[in-house]
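Protein sequences appear in the order of chains A and B. Take the first sequence: its position 314, counting from 1, is numbered 295 in my numbering, and each next residue is one higher. Take the second sequence: its position 222, counting from 1, is numbered 203 in my numbering, and each next residue is one higher.
No false leads were slipped in.
Same chains, same names: a pair is fine if it fits in one copy or spans any two.
Below, computed lysine to aspartate or glutamate pairings styled on DMTMM-like, alpha-carbon distance capped at 25 angstroms:
1) K171 to E223
2) K77 to E38
3) K58 to E178
4) K177 to E107
5) K58 to E196
6) K171 to D(-4)
7) K63 to E168
8) K76 to D45
9) K58 to E170
10) K78 to D65
11) K288 to E24
12) K232 to E199
13) K155 to E311
14) K4 to E51
15) K177 to E51
16) K58 to E168
17) K177 to E319
18) K171 to E54
19) K177 to E54
20) K184 to E150
21) K220 to E170
22) K220 to E196
23) K234 to E196
24) K184 to E54
Calculated from the structure, these hints are not laboratory results.
Protein chains: 2
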Amino acid sequence: MPDITVVAVDAMGGDHAPVEIVKGAVEAVNQRKDIKVLLTGSEVLLKSVLAEYTYPENQIEIIDAKEVIETAEPPVKAIRSKKDSSLVVAMNLVKKKQADAFVSAGSTGAILVGGQVIVGRIKGVERAPLAPLLPTMTGVSLLIDCGANVDARASHLLQFAKMGSIYMEHVIGKKNPTVGIVNIGAEEEKGNALVKEAYPMLKACKDINFIGSVEAREIPYGAVDVIVCEAFVGNVILKLYEGVGSALTKKIKNGMMGSLRSKIGALLVKPALKATLKDFDSSGYGGAPLLGLNGLVVKTHGNATSKEVCNSIIQCVTFKRQRINEKIQEVIQLSQEENKED
Amino acid sequence: MPDITVVAVDAMGGDHAPVEIVKGAVEAVNQRKDIKVLLTGSEVLLKSVLAEYTYPENQIEIIDAKEVIETAEPPVKAIRSKKDSSLVVAMNLVKKKQADAFVSAGSTGAILVGGQVIVGRIKGVERAPLAPLLPTMTGVSLLIDCGANVDARASHLLQFAKMGSIYMEHVIGKKNPTVGIVNIGAEEEKGNALVKEAYPMLKACKDINFIGSVEAREIPYGAVDVIVCEAFVGNVILKLYEGVGSALTKKIKNGMMGSLRSKIGALLVKPALKATLKDFDSSGYGGAPLLGLNGLVVKTHGNATSKEVCNSIIQCVTFKRQRINEKIQEVIQLSQEENKED
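With these hints in hand, go ahead and build the complete structure from the sequences.
Set out below in structure tokens:
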């Protein structure tokens, strides 16, 4: 087995755990021979779920973990006190280099804290950003940071831009990805104190293809490949994106049910509408990576189905093969050396 | 004429100026006898446009202004140098108490600067927030602030909440409106430094009906009536709302044009779809007020049509009748006295 990617999967995290998580793992190993999944969670339970499926048995292993971290739990306390939780056990596998990557649909807060505390940051990385993909009219864009790093500094945003560009180019396959900073106007002099400080740093950076400010209105049109912002703004963008999309879709569907005429019309447009809305869905790309850590940590949606879990596991192979962390390390160390020379 | 509301309308500002602006003014005075419109702009041009319409002539007056402020101009410089612009002339009418209110579809930046510099703030108001209405599944919510007040302090957010509540209750007619602060989680301990500081101040305030944090995902569902945030976040919310809405609508429309079957279906659902999307449109309520100034300043969309201009002008009557500025003054002064007593 020359090049196997080992993925620790938190089988107990998420709205549809463990069934959809286990199913996603089964789908992944049935598609790819170069993956091994370590499922963490209640051994008895996971065995009974796995018994429903056919798969190459040497590619899935259960690692018993008796506790579960719930979404509502305070993250720091949960990570500290629940050492035998499926999430902490899976993260420790990455820490001990027994796994290359970690995938979970569980508590975002606990994943962010665990990533920093258990897996740990690459030397020189100041903050580890969470970087989900947003569906756009033309494909997908990477939104970085949506994590818990509120009140970021300009130097963090610069690192986010570099890490995001590497991910977008080598995992998503976008050549020389464009980078924009979220701003309240297109002009360079616009923005709050943080953006005004970060803008010239991004502009001067040779490692990225910075094209300036991006207004929120242009994001759904795919204006830039890597959307840089601090976590509070990123979180608002991510959640509003989902919220407006779901509300509008619901409103349109309800609207069509108003008369017999429109009901018949709705039946006729249904397949086209379904295909369109599927297009506007990023789960086919897998989950959101927490970048800059000593190993890959991937957060899928809390309501992830087996498809997203499967794609998240497969995404880890590309991450490993493309040596993303080594590339991040090189870029970060290079800029630190340049700073010393200055 | 016992109670006439005089509205100074910048007839040269906006994508469709002067035609749609003039048309909106005509529609307003044809609907209401208690409005007088002062149209500022090129007298020759406005006369020729007005000549197309029938309306009570004593209700519209042209005030000549030879210059125009363009959207791309730096706001502060434009306000200072273009004293004879339609925007500055109209704002000066409010300053000199020759008009109760100002309406413009022109440069947001120039309106924000002009509002503060020319019209001036009510005593005790620290910042004047721009407060557009967002369409939701259940009606509309007021988003405050979307203005140029970036890097706001917690005390500003508290004033925004008070002013927004007064507007929502007395102009939009929502009894005891709920107030939420935009946050990245529902729990009280979540947020960035600004939100963490503002949260307990909002919670302790007796003048508002504060219900806690609101996540961006819930905004389109009408989770709160008054959405409090600082201007950078507010601007992102406003523009992303428009962007996702327009992109998704376009995508759905294009998707329906893909096959003969869906094209026929599209024809059948068209009226229902149109009604639904019209529902998801706040222009029927008028423009966004810039609150806390010595007079009312209303910003309509840059691409406002006559309908939005007309509604914005009529909205000024309610604002005056309901004595909104007096109410704001009372609440602000009351809290200042309370602070002194503490």
